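K.L.:
Given next are the chains, with one letter for each unit.
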Amino acid sequence: MTYSPKGRWIAGGTVFLLMAIFALYVRTARPSPDILPWVGGAFIVVAFALSFRAYFYLDEIQQGERMRAFYYGAPIGIAFSGLLTFYLTANQPFLDVLADIFHHHRPHKPFEYFVTGMMFIMLPQLVGNFVARTFMALAKRSA
Amino acid sequence: MKNRIKVLRAERDWSQAELAERINIARQSLNAIENGKADPSLPLGMRIAKVFGVRVEDVFGEA
Chain A
1 MTYSPKGRWI
11 AGGTVFLLMA
21 IFALYVRTAR
31 PSPDILPWVG
41 GAFIVVAFAL
51 SFRAYFYLDE
61 IQQGERMRAF
71 YYGAPIGIAF
81 SGLLTFYLTA
91 NQPFLDVLAD
101 IFHHHRPHKP
111 FEYFVTGMMF
121 IMLPQLVGNF
131 VARTFMALAK
141 RSA
Chain B
144 MKNRIKVLRA
154 ERDWSQAELA
164 ERINIARQSL
174 NAIENGKADP
184 SLPLGMRIAK
194 VFGVRVEDVF
204 GEA
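Chains A and B supply the protein sequences, listed in that same order.
Going by my numbering, the first sequence opens with residue 1, and the numbers climb by one from there.
Going by my numbering, the second sequence opens with residue 144, and the numbers climb by one from there.
Simulated from the structure, these hints should not be mistaken for lab results.
Small disclaimer: the values here were computed from a predicted structure and weren't measured.
Warning: the hint list may mix true and false statements.
[To be verified] Which residues of chain A face chain B? A partial, calculated answer using Cβ under 7 Å:
#1 Y3
#2 D59
#3 E60
#4 Q62
#5 V97
[What the hints assert, rightly or not] Quick list of simulated restraints, FRET-style, between CB atoms:
#6 B:V197 x A:Y87: 58 to 64 Å
#7 A:G82 x B:R155: 51 to 57 Å
#8 B:R198 x A:V26: 56 to 62 Å
All residues carry an ideal CB built from backbone N, CA and C; glycine is no exception.
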């Protein structure tokens with residue numbers, strides 16, 4: 001796939017638009033706990049696919065920079081996950097605490113635990129990636 | 144890696160944005176290559192040499 005800033009903005013913009021729609025849907029429609037994990041799961045799959053597509057609209061130098069950011073960002077995210085796990089398991093099962101984002105009626109459904117577990121693994125790494133990118137941008141600016 | 148992109152560009156009076164558009168990469172990426180902060184792949188290196196109408200070794204080598 002060739003470099004296309006327009007394609008990247010369209011794909012990236014769609015991800016943010018979907019995020020806004022999803023947040024609005026959860027906030028206003030208040031979907032039942034039976035369907036929320038499915039909608040959330042579908043949203044994650046579509047957002048991930050679009051982000052992947054946006055990556056291939058970058059040129060090779062930009063792709064290399066993104067890969068480097070993930071290389072440094074993923075361990076930051078994993079380290080954070082470890083600390084969070086330690087904190088949450090100090091007094092109660094951490095997945096239950098995390099799965100409370102769906103509803104507070106325990107025990108949760110298996111799929112809710114699955115979605116929560118996936119988010120627990122993916123999100124800190126994503127945040128770590130942005131942290132690494134910020135540091136890389138600052139380092140480049142000061143060089 | 145040292146290169147002569149800046150010199151070749153100046154000879155043709157091309158801006159970074161103009162050259163970046165010709166080789167289909169971002170201007171920031173070209174800037175990184177030009178300043179030796181990033182190394183292009185062989186296909187990209189060949190593309191750069193081609194738009195200048197020179198050999199790859201005339202672009203990438205000792206400046």
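K.L.:
With reference to the structure, classify each hint as holding or not holding.
P.N.:
Each hint, compared with the structure:
1. This hint holds: A:Y3 has a C-beta 5 Å from the nearest C-beta of chain B, less than the 7 Å allowed.
2. Hint on A:D59 holds. Least Cβ distance to chain B is approximately 4 Å, under the 7 Å limit.
3. For A:E60, the interface hint holds, since its Cβ comes within 7 Å of a Cβ in chain B; the closest pair sits about 6 Å apart.
4. Below 7 Å, beta-carbon pairs count as interface contacts, and A:Q62 has one with chain B at about 6 Å; its hint therefore holds.
5. For the restraint placing A:V97 at the interface with chain B, the shortest Cβ-Cβ distance is roughly 42 Å, beyond the 7 Å limit, so the hint is violated.
6. At about 60 Å, the CB distance of B:V197 to A:Y87 agrees with the hint of 58 to 64 Å.
7. One distance hint, 51 to 57 Å for the beta-carbon pair A:G82 and B:R155, holds here, with the actual separation near 54 Å.
8. For B:R198 paired with A:V26, a C-beta distance near 59 Å keeps the hint of 56 to 62 Å intact.
When each numbered hint is compared with the structure, a violation occurs for hint 5 only.
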